[in-house]
Amino acid sequence: MSEPTMRSPLHSFGLEEQAKPIDGSCGVWANEIPHLGYISLRGNGTDPAFVTAASTSLGVSLPLRPCTFASSNGITILWLSPDEWMIVCPRAQLSALLGSLRHALTDVRSQVVDNSGGYTQVIIEGPNALDVLQHVSVYDFAGLEPGRVVGTTFGKSSVYAFRQGEGYRVVIRRSFADYIWRYLVRAAVPYGLGIADLAGSRVTEEGVPA
Amino acid sequence: MFVLFCPHCGEKREEEEFGYGGEAFIPRPATPEALDDEAWGDYLFMRKNPKGWHWEMWSHNTGCRKFFVVKRNTATNAIAGSWTLAEGRKAYDAEGGST
Amino acid sequence: MSSYRVRRPGARVDFDKPLTFSFDGQAYDGFAGDTLASALLANGTRMLARSFKYGRPRGIIGTGPEEPNALMQIETGAHTIPNLKATQVELYDGLVARRTTGWPTLEFDLKSLGGLFSRFMPAGFYYKTFQNQKLWPKFEHIIRQAAGYGSAPSEPDPETYDHSHRHAQVVIVGGGASGLLAALLAGRAGLKVVLLDEQNECGGWLLSSPHSVIGGEQASAWLKSAVGELQSLPNVQVLTRTSAFALHDMNLVLAVEQLQDHLPIADRAAHQPRQRLHRIRAERVVLATGAIERPLVFGNNDVPGIMTASALTTYLNRYGVAVGKRILLQTSNDHVYQGAADLARAGCEVVLADTRTRINPAWEKRVRAAGVDVRTGFGIAYARGRRAVTGAQLVKLDAQRNVVVGSGPSIDCDALGSSGGLSPTVHLYCHDGGRPHWDEERLAFVVPEAGRAKSGIYGVGAVTGEFGLQNALEQTERITRELLSSLGKSAPTSSGNLKTDEPDATPARRIFRVPDGRAEGHGKKAFVDFQNDVSAADIHLAVRENYRSIEHIKRYTALGFGTDQGKLSNVNGFAIAADVLGKSIPEVGTTTYRPAYSPVTFGTLAGAHAGDTFEPRRYSPMQAAHVARGAEFEPVGQWLRPWYFPQTGEDLHAAVRRECLAARRGVGIMDASTLGKIDLRGKDVREFLNRVYANAWTQLAPGKCRYGLMLDENGMVMDDGVTACVADNHFLMTTTTGGAARVMTWLEKWHQTEWPDLDVYMTSVTDHWATAAVVGPKSRQVLAKICSDIDLSPSAFKFMDWREGTVAGVPARVFRISFSGELAFEVNVDANYGHHVWEALMDGGREFDITPYGTETMHVLRAEKGFIIVGQDTDGSMTPLDLDMAWAVGMKKPFSFIGKRSFARSDTAGPNRKQLVGLLTDDPQIVLAEGAQVIERADVTPPAAMLGHVTSSYYSPELGRSIALAVVRDGIARRSEDGHKSGRDLLYAYAGGKAHKVTVVSPVFVDPKGDRQNV
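Chains as they are written, first to last, in UniProt numbering: chain A, 1 to 210; chain B, 1 to 99; chain C, 1 to 1015.
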């Protein structure tokens, strides 16, 4: 029996082989940041017991303002609703985080779900990144400030999108990844799409720079 | 193709992000078995369907996935406001529980 | 250069860039900057179309989207586009155009014979003539040949399209003088501004009158500096060749940008879309859409060479084309005078016949100085000429009333322009529910200047009825300042000198139909709507036949239909109708202006929703494994699932037979990842499940699973699936593949709106888990090869149990559940490992000849067991009792679960319910069509009482015969339990013209006791 190997949702596009360092040759740069850990966290954002327990066990304060996110120690917490957050973490930290969250929230009205198989992340950068986002989504991305995350449309599907550094990140559901990637590629045709080499760039292996 | 303010996300968003949730404030009878067929039928099927102001629910499908209350004019698509379910109930009652 | 070309200073064609193009197979030349229309006119082309109904010769009338006649088929093959207006087609080298009307030829149009008998083709001709429906198809073919316009391309569109969603503070529609000034003021105030103009460059009417004066400089110079400044402002975006075609709720402007159509096909950039749809959400919208001159209605006013007067001016000043040598202008107002002077100075012989007796002295002086022959108080009774205008007969009009009081001269001409006034382009204002106002002084439907300022919509310039340039600019400045202050901004104190050299205006004459001294319908045909061949007499006839509402008159006569949507004809039509009805124009009102302002291609509306991005295609984590094994796929909702796995030489039936037998007798494997999965947790989770499911969940222990039926409040089955107890307060629900999102929203809605106090949270984990169902008598042996930490023995791991363990080295949840009736294990792992685990199961199963199977085999296996598919065997009108599934309903639960109360409704509880049964055909080889009607007797003479229909039908390889599921009225009581045919259990299934005898039986065809899944 072969060793267990993970296949990311965009595995079949062979993005790794096409990746090159970001330069001025393309208007848009994109790539998948595969194999991150995703934890769905539900709980009442106005319940101090929940917020304190979750924040303490994560080591990051749960963002409570609508449509914001917090990053620290390689962990990013996206506010999704008044009672829902998505925690994005390096795969290596996943089971420890799940364990400590579940432990901390044992007696608190809440839900902690490993959703790591269900999502992946795509980075969209470059001088025409905004143009591409205007093609694919109804959201006013020109007005999206750093530190904010929105759930919005992407073609006929939906994503969670946020700005990180110069670029944008979209968190997408696995089964829609093929469609979303094709849609992105199509939208980027007028500007030229490069597959960004993330290993050599400022993006860390776990995809979430400190 | 209008714009709705999501009271949970705190932003105006395009209609494409939302799903219609039907007329608001049709509570489920507490004891369905106590209702006769006509009263149960009213709960199941009878809706106001006005031309004009309408209290209705929308769900922010691509965003927070929360149902909330909108007062919308069905003839003009003018929107008087949007509220969380609880706040919307208060606003609705303050208007006398009608249009 | 052709003799119609005039090297006008300020013309926007580049005489140094000659181009060649073809029209109807003949080569012509033109210049860069020409439209197809201007180039054809420069070549002396007059007739280029035949009219819709009468086959009358037609030529170019306008210069833009108002053009009713010059509809062209542009290019050939895959690039061909039908029905573009020659006035909007920018000329490029090598352009290929063809006429779209004239059958069999332009020179001889069959319909023109009908034209000789045109009194037999009045308004409502088709309604009146083809009342006999049986005859219609015969005529339709001929009529379509004769009446049709262009041809749709027969090849796939090689071009691409996209959408862009934008948000702006101010969107200005129209880049004429007013729009430019508004953009300058808003841009200087620092607002995010988008200016849209449908033409290839901004300027609007200034391009047609470049020698007007604004603030002491020529309009062309003012225009150049305005455009230059706008381009320098980073917060202003100017989009030319961009037509705003709709204004929707809350200031959503839809505009289509032409990115490639003006370029030769070979020069078009492959990476650029042909057109882009901009969807711009604006805080403020400024409509600076201008106005379109409407022609006067007079006899034979459709002869080629007769145009709007402004078109003659535009062709001269903007394109350097003098359409004729001897020009007759007919007007009711001042607007034509500048053009008359320009035409005379360009060397044309110009007669200007003004219907007014009192005309503007300042203008009169100017045009006479240019050599124009001015005749006052004259109207055109009718024009002369057939394929080209040769002259017109004038008549003397009463000074006040629109009646003929005397004869007039006959004037020879080779071009004729008329003006009945300007019709503001109010369309966008009205798309969003606005109504234009009739301004009796300006004789126009106008947009009020404050528009709907409360909603952020403003009008400036000619669209508001400010037809004079200076007035328009001053108004624009005032209104834009109001707009800016509504956004908390202010404009610099002065916009500069906006003085022009126009004389003060003299009132226009209120005239639409020029009288010819004869009763309507007895003189020469006078056209109101050229594209639809609607004459003034047709409107009279419609009123005589008692049509009163203008919306009805429109539909009866076809006034304002077609690709021009009545831009030239509507106001004339409304006014004539008002006259006949004896009403005022505002009483008659307008027809409804709907999007799109001008035609938009389907490609543009579709944008990127085409090809492989037409709809989301969802794939399971094992997709690559299925592709590698040559699976055929079928769509299931948005998912693409393996349908069957054909081996060499196999068709669907052969493959399904092999797959079915493998699952029943050996081992099969199916990808079940697409099933919806919802993780539910909280101390009230059991109570929540009790409320949303028909059956009871209070007792289900951790490690156990249960099948559940989910009902809607009407008591009808809406979804089903197996739900597992993970821990006392933690469950994992599965839903149907197609119902996953609906169920998730349904559960959230109930929780949020009705039961927020229940301590339960739910999260979709559909995409997290990859699921491989290992199915068949040998499935345990296969799983045992790659799973060592779960005791798989029948006593330790029972049917409807689930266990946590490790499969192929990956943490897994294994469910012993079955959708086939066989021993089966559903292995769930993190989807990132789905492919790995699938391949490991295939490896482990090799010695057992493990057989992957798809949805078709899954359907056969479940139908053999009588397992329903919600949405196939149910249709929203089936209760659990109709399905004979009372065992899945917990009537004793204390809470009145969703749907329960409806069981007692008279209809639900009453007799004559359609119920699920099995059907066996007498001939075991006949597989009934799904949807076949179930009837009582073989005789199908109508009316045959229909008892129900076949919902699922397959050939069962296990049984070696066909099987079917059906819903049949009182079906459960009809079932033959022991196979004897009592009469009541004999029915017929009718499909494809044949009635097949069937026996009504239990829907469980295979292993009725359910022993196999318990081994």
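Note that these hints are calculated values from the structure, not bench results. Beta carbons: idealized from backbone N, C-alpha and C, even for Gly. Among the hints, a few may not be true.
Examples of chain C residues toward chain A, derived with CB under 8 Å [to be verified]: (1) 3; (2) 167; (3) 169; (4) 430; (5) 769; (6) 835; (7) 933.
Going through the numbered hints above, which ones does this structure break? Give me the numbers in ascending order.
1, 3, 4, 7
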